[in-house]
Amino acid sequence: MISKQEVQHIAKLARLGLSQKEIKKFEKELSSILDYAKKIKKIDVSKVRATTHPFFLENVTREDRVKKQKPTLANKLVEATPEKKGRYVKVKSVL
Amino acid sequence: MNLTSLTITQTHQGLLKKKFSALELAKAYLRRIEKEDKKICSFLTVFKQSALSQAKITDDLILQNRKIPLLAGIPCAIKDNILVKGKRCTAGSKILENYTASYDATSIEFLKAQGAVILGKTNLDEFGHGSSCENSAFIKTRNPHDLSKVPGGSSGGSAAAVAADLCCCALGSDTGGSIRLPASFCGVVGLKPTYGAVSRYGLIAMASSLDQIGPLAKNAEDAKIVFQAISGKDPFDSTSVELDKKIHPVKCRFAAISRTAKLFNRVKIGIPKEYFVKGMNPKVEKIVRNAIKKYEEMGMKIEEISLPHTEYALAAYYLIMASEVSANLARYDGIRFGSSKTNSGINPFGKLRVDGERSRTIKNLLDVYLQTRGEGFGEEVRRRIMLGTYTLSAGYYEAYYLRAQKIRTLIKQDFDKAFQKIDVILTPASPVPAFGLGEKTTDPLAMYLSDIFMVAANLAGLPALSMPCGKIGKLPVGLQIIGKPFNEETILETGKILEN
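One line per chain: the protein sequences are A and B, in this order. Its first residue numbered 19, the first sequence is counted upward by one per residue in this note's numbering. Its first residue numbered 4, the second sequence is counted upward by one per residue in this note's numbering.
FYI, nobody ran anything at the bench for these hints, they're computed from the structure. Positions of the beta carbon are idealized from the N, C-alpha and C atoms, including for glycine. Any given hint could be a false lead.
Derived pair list, reagent style DSSO-like, types lysine-lysine, alpha-carbon separation capped at 27 Å [what the hints assert, rightly or not]: (1) Lys-296(B) <-> Lys-420(B); (2) Lys-97(B) <-> Lys-108(A); (3) Lys-56(A) <-> Lys-30(A); (4) Lys-20(B) <-> Lys-59(B); (5) Lys-474(B) <-> Lys-86(A); (6) Lys-56(A) <-> Lys-409(B); (7) Lys-85(A) <-> Lys-88(B); (8) Lys-297(B) <-> Lys-108(A); (9) Lys-420(B) <-> Lys-297(B); (10) Lys-110(A) <-> Lys-21(B); (11) Lys-85(A) <-> Lys-297(B); (12) Lys-88(B) <-> Lys-86(A); (13) Lys-85(A) <-> Lys-59(A); (14) Lys-65(A) <-> Lys-30(B); (15) Lys-443(B) <-> Lys-43(A); (16) Lys-409(B) <-> Lys-65(A); (17) Lys-20(B) <-> Lys-115(B); (18) Lys-97(B) <-> Lys-30(A); (19) Lys-59(B) <-> Lys-59(A); (20) Lys-30(B) <-> Lys-56(A); (21) Lys-415(B) <-> Lys-65(A); (22) Lys-90(B) <-> Lys-86(A); (23) Lys-115(B) <-> Lys-30(B); (24) Lys-85(A) <-> Lys-236(B).
Stretch-level coverage of chain A by chain B, calculated; a stretch enters the list once three of its residues show a Cβ under 8 Å from a Cβ in chain B [what the hints assert, rightly or not]: (25) 64–71; (26) 75–87; (27) 91–97; (28) 103–112.
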């Protein structure tokens with residue numbers, strides 16, 4: 019079972035605002051999903067390596083050189099931000 | 004001639020022989036969308052103007068007697084989690100409701116390079132999170148074969164649009180069955196390519212070690228044409244690979260074999276006993292067994308095989324997927340893109356806080372995050388972010404995430420072992436046909452179980468195809484064909500046999 023405190027802790031880690039009703043609902047639902055997931059504890063995996071990607075991957079490197087992009091692309095990316103001042107992205111003060 | 008029921012090859016021939024123009028073709032599809040999509044609701048956005056102008060370009064080329072690629076003028080639909088430059092891309096989420104793509108996904112660049120006509124963007128479960136298309140923040144798509152049923156998800160809009168002749172072919176994405184399940188529910192062909200075969204650049208990420216873009220089409224040949232157009236190495240996706248005989252010498256074996264039908268008996272088919280389980284709809288089982296019999300009658304060798312770790316696949320999948328989702332969706336913070344209604348000022352309605360209390364003001368950066376994400380994400384997305392954050396958090400990482408990745412190794416080894424003696428694996432695509440709208444929305448776990456036959460191919464990175472193989476009443480049933488890595492050709496050729 020996941021407790022109310024745990025749900026609140028996870029919500030904070032995930033930066034998700036939740037309503038009281040939802041906290042209660044998640045207590046129940048996450049518990050039941052994790053209960054189902056517990057079946058993976060039935061097998062011994064002590065000698066098994068973890069798979070992060072389906073196939074063997076090599077490091078892909080490239081020269082450390084700036085690729086030219088059209089200046090309009092940068093403008094578009096800045097335009098996509100919800101709050102800006104000139105060409106700066108505006109956020110609430112961090113400190 | 005009914006233009007909207009033609010396959011890609013037939014349409015291409017029609018254009019070449021000047022039986023109809025690309026403009027007439029595009030107009031026919033747009034008219035059909037206008038008329039039929041009110042009840043099916045497969046499109047979120049339709050690009051009337053740009054579709055017509057692209058069609059005119061193809062017509063000009065034909066008039067000049069220039070050679071045109073296979074996909075030139077072909078009207079297609081794109082799942083709304085794949086970026087098309089200058090067009091809205093919502094991923095089915097309120098948080099991206101007004102987001103405009105700044106660039107084309109690589110697969111879109113490939114389609115555009117051939118001159119394909121993009122009709123619009125199709126509905127999906129929010130960020131791909133769902134098996135019924137009911138988790139879209141905007142509309143509920145319906146199954147064209149029975150409007151009271153779901154089209155399957157998450158690429159439900161793309162599958163329904165192909166099935167209802169609202170496009171000639173479509174792109175979808177598949178993380179745990181999101182191309183194949185809706186393809187089987189809607190009675191169309193859906194291909195999830197091998198992980199790495201198609202670039203993921205410009206696909207709104209769900210679970211990056213599982214996601215693949217792939218085609219939904221009216222037949223296996225069309226799926227092959229689209230797959231060939233969009234696959235290949237892309238410098239913008241370091242996990243993409245060149246389909247090269249040197250790396251994968253097995254790839255072309257079947258292609259040579261299939262040219263001479265007589266040699267079909269060389270291809271060995273495996274039937275995993277773990278995929279024929281209790282609780283399966285007996286009519287589905289009968290239809291799938293009949294399809295298998297068809298292969299047997301053609302002289303192909305059928306063998307029962309075992310994939311012993313199958314029963315753990317779904318649990319491992321949901322843990323790995325949710326973990327990756329929680330990391331990938333961290334980028335929607337209300338700062339860089341998407342909606343952020345709360346970045347400045349006071350919200351008179353009061354906003355959500357982590358402790359469930361309502362606060363009236365946005366005091367700091369944390370408030371911006373909590374409220375943007377708490378309000379912008381739908382219920383299922385929040386559930387998966389919560390689950391993934393939990394399984395990655397201190398104290399649980401090893402018990403859940405790491406353990407699931409080890410199970411992933413075992414599942415992959417099951418397939419490796421099986422593929423030493425067989426060439427393709429046949430399974431049902433789903434234990435049941437399309438279910439009713441609203442039937443599973445109150446029980447998340449019941450919804451997750453819809454993907455039970457789908458997820459193993461994603462965990463192992465294998466190419467997998469869903470082929471229509473029969474119907475129960477009005478509702479289509481799908482056969483899943485899983486192949487060796489980069490053997491798309493083999494499974495597509497195997498699928499074609501069912502069409503004869």
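We went through each hint and held it up to the structure:
1. Taking the CA atoms of Lys-296(B) and Lys-420(B), the gap is near 24 Å; set against the 27 Å cutoff, the hint holds.
2. At most 27 Å may separate the alpha-carbon atoms for a hinted pair to count; Lys-97(B) and Lys-108(A) meet this at roughly 22 Å.
3. Proposed proximity of Lys-56(A) and Lys-30(A) is supported: the alpha carbons are some 24 Å apart, at most 27 Å.
4. Our distance criterion of 27 Å between C-alpha atoms is met by Lys-20(B) and Lys-59(B), whose separation comes to about 16 Å.
5. With a C-alpha separation of about 54 Å, the suggested pair Lys-474(B) and Lys-86(A) falls outside the 27 Å cut-off, and the hint is violated.
6. Restraint check for Lys-56(A) and Lys-409(B): the C-alpha separation of about 14 Å stays at or below 27 Å, so the hint holds.
7. In summary, the hint linking Lys-85(A) to Lys-88(B) is supported, as the alpha carbons are separated by about 20 Å, within the 27 Å threshold.
8. Distance restraint check for Lys-297(B) and Lys-108(A): the Cα-Cα separation of roughly 63 Å exceeds the 27 Å cut-off, and the hinted pair is therefore not satisfied.
9. Between Lys-420(B) and Lys-297(B) the alpha-carbon distance is near 26 Å, which keeps this suggested pair within the 27 Å criterion.
10. Taken as a hint, the Lys-110(A) and Lys-21(B) pair is broken in the structure, with Cα atoms around 60 Å apart against an allowance of 27 Å.
11. This hinted pair does not check out: Lys-85(A) and Lys-297(B) have alpha carbons roughly 54 Å apart, beyond 27 Å.
12. Taken as a hint, the Lys-88(B) and Lys-86(A) pair is honoured in the structure, with Cα atoms around 18 Å apart against an allowance of 27 Å.
13. Using a Cα cut-off of 27 Å, the hinted pair Lys-85(A) and Lys-59(A) is violated, with the two alpha carbons roughly 48 Å apart.
14. Using a Cα cut-off of 27 Å, the hinted pair Lys-65(A) and Lys-30(B) is violated, with the two alpha carbons roughly 60 Å apart.
15. About 16 Å separates the Cα atoms of Lys-443(B) and Lys-43(A), which keeps this hinted pair within 27 Å; it holds.
16. Note on Lys-409(B) and Lys-65(A): the hinted pairing holds, with a Cα-Cα distance of about 9 Å set against a maximum of 27 Å.
17. About 22 Å separates the Cα atoms of Lys-20(B) and Lys-115(B), which keeps this hinted pair within 27 Å; it holds.
18. For the hint linking Lys-97(B) to Lys-30(A), the alpha-carbon distance of about 21 Å falls within 27 Å, and the restraint holds.
19. Annotation: proposed proximity of Lys-59(B) to Lys-59(A) is violated, straight-line Cα distance about 59 Å (limit 27 Å).
20. A threshold of 27 Å between alpha carbons decides the hint, and for Lys-30(B) with Lys-56(A) the separation of about 53 Å lies outside it, so the pair is violated.
21. Between Lys-415(B) and Lys-65(A) the CA atoms are separated by roughly 15 Å; this keeps the pair inside 27 Å, and the hint holds.
22. Between Lys-90(B) and Lys-86(A) the CA atoms are separated by roughly 23 Å; this keeps the pair inside 27 Å, and the hint holds.
23. Distance hint between Lys-115(B) and Lys-30(B) is fulfilled; the C-alpha atoms sit about 19 Å from each other, no more than 27 Å.
24. Of the pairs offered as hints, the one joining Lys-85(A) and Lys-236(B) holds, with about 18 Å between alpha carbons and a cut-off of 27 Å not exceeded.
25. Counting residues of the region 64–71 of chain A whose beta carbon lies closer than 8 Å to any beta carbon of chain B gives 6, which meets the minimum of three for the stated coverage.
26. Residue count for the region 75–87 of chain A with a Cβ under 8 Å from a Cβ of chain B: 3. That meets the three needed, and the coverage hint holds.
27. Only residues whose C-beta sits within less than 8 Å of a C-beta in chain B count toward coverage, and the region 91–97 of chain A has 3 of them, enough to reach three; the restraint holds.
28. Look at the region 103–112 of chain A against chain B: 6 of its residues bring a Cβ nearer than 8 Å to a Cβ of that chain, three or more, so the hint holds.
Hint check: violations occur at hints 5, 8, 10, 11, 13, 14, 19 and 20; the rest are consistent with the structure.
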